[in-house]
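Chain A is fixed; fit chain B onto it per the hints.
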Amino acid sequence: MKKFFIFFEKWKWVLIFTILLIVVIIYKFNNPLDSEYFPRCIFKMTTGYDCPGCGTQRAIFHLLNFDFKDALKENLLFIALFPYILLGATLDFFKIKNKKIIKLKNIIYGNQIFIVIAILILFYWFFRNTTLYHHWIELF
Amino acid sequence: MNRKYYIVLPYQRKGPYNVEELKQFDITPETLIWAFEFNEPQKAKDIPDLKVLLEQTKVSKEDTPPPPPTSENNEIEETKKTVEEEIDIPEAEETKKEKEIIEQKIVEEEKEIEENKLEKQIESKETIEQEKDIQETEEINKGKNVIEENKLGKEAETEKKEEKLEDNVPSTPTMISYKKEDYTEQETYKKTHNDHHWGEKPKDYIVWSILSLFFCWNIVAIASLITGIITNNQYKAGDYETAKKMSKTTLIILLVSWGLTIFSFIIIVIAASQN
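Line by line, the protein sequences give chains A and B.
So in this note's numbering, the last spot in the first sequence is 256, and the numbers never skip.
So in this note's numbering, the last spot in the second sequence is 1444, and the numbers never skip.
Among the chain A residues that face chain B by a calculated CB cut under 8 Å, a handful are:
hint: 1; residue: R156
hint: 2; residue: F159
hint: 3; residue: T172
hint: 4; residue: I201
hint: 5; residue: A205
hint: 6; residue: D208
hint: 7; residue: F230
hint: 8; residue: I233
hint: 9; residue: A234
These aren't lab readings, by the way, just hints derived from the structure by calculation.
Where a beta carbon is used, it is the ideal one built from N, C-alpha and C, also for glycine.
This is chain A alone, in the form it adopts within the complex (with noise of 0.2 Å):
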């Protein structure tokens, strides 16, 4: 464990950067509708009702293809959050001694706004599964 650890501190980036690179190259070259290799939302094989989760793999595919149009189409929500999620995923690996960053940080990533995130996200869960969701999202 102990040499593990150590390991781990030393290519801590180099394992970050690989696993990225990789899920990349998967998500560019391989939509999710086509192939059956990706794995599917539990709570819509059970239910038939999509999730707020539902359609992420698509959206990632046709964001890394620059297709923003089919991406929204897709999940509206989920591009709409993920330049905030991948902010805070980047500033939780780095180690901030600056006091007005930390401040700001605790301000953007606090309490508040999760309970927000929050319940925004029970609202699309609803939204999406009406059919006024789609007949507005097929106009664009």
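For chain B alone, coordinates are given in the frame of chain A:
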């Protein structure tokens, strides 16, 4: 007036007490007190309901002879509390004491950076001088692993530093040498008695839980989001231990959700390959 108050101590909180019940304890204007209506623990002098209580204690002190000057330890505890409040409350009054505290903090940060540099140097030397310094590297690795395991609490770091202070004399040139002159009395106290710290904010892995909401097994990820919000709330309320526990549970739930995704992915791949 029937509001119930909690007395906030470094690793716990006592309560609930009424205003009359609070008279049992000798509350100074600096003690931190929390109620459900407050977002953060506040000093007793800032709460209007407790003004009567503080005045009574003043009168009682005037009758009795003045207490002996407080020991250094108590002073340090008070200064620590003020330091930790600076992080949360941006607009604090700039008195001379606080300036001194800021200076001390800067000195501490510089020392931490220097120690990190030394540790990195040792890492690079490990590859070259493996045969020579087997024992030393083992000792250093032990310390590192302990730190990695207890990232949330810094108790292990302090233990290691205590040991090194006791050793004191650098046995070989590659070992980190800690001079006694580097540590003033206050700093040694801070590093040995780290239990009295308010503590760093434990990680709420909420960004990761939001990310895992958009992938499969999102029903599990909702639980991690809720526990992450609870950690933040508990830390604000001053209940540090439960905040730590909740942050650990969020990590476990997140790992479970990601493990399930990988497991389901493997099953799908096997099923697809058989068809």
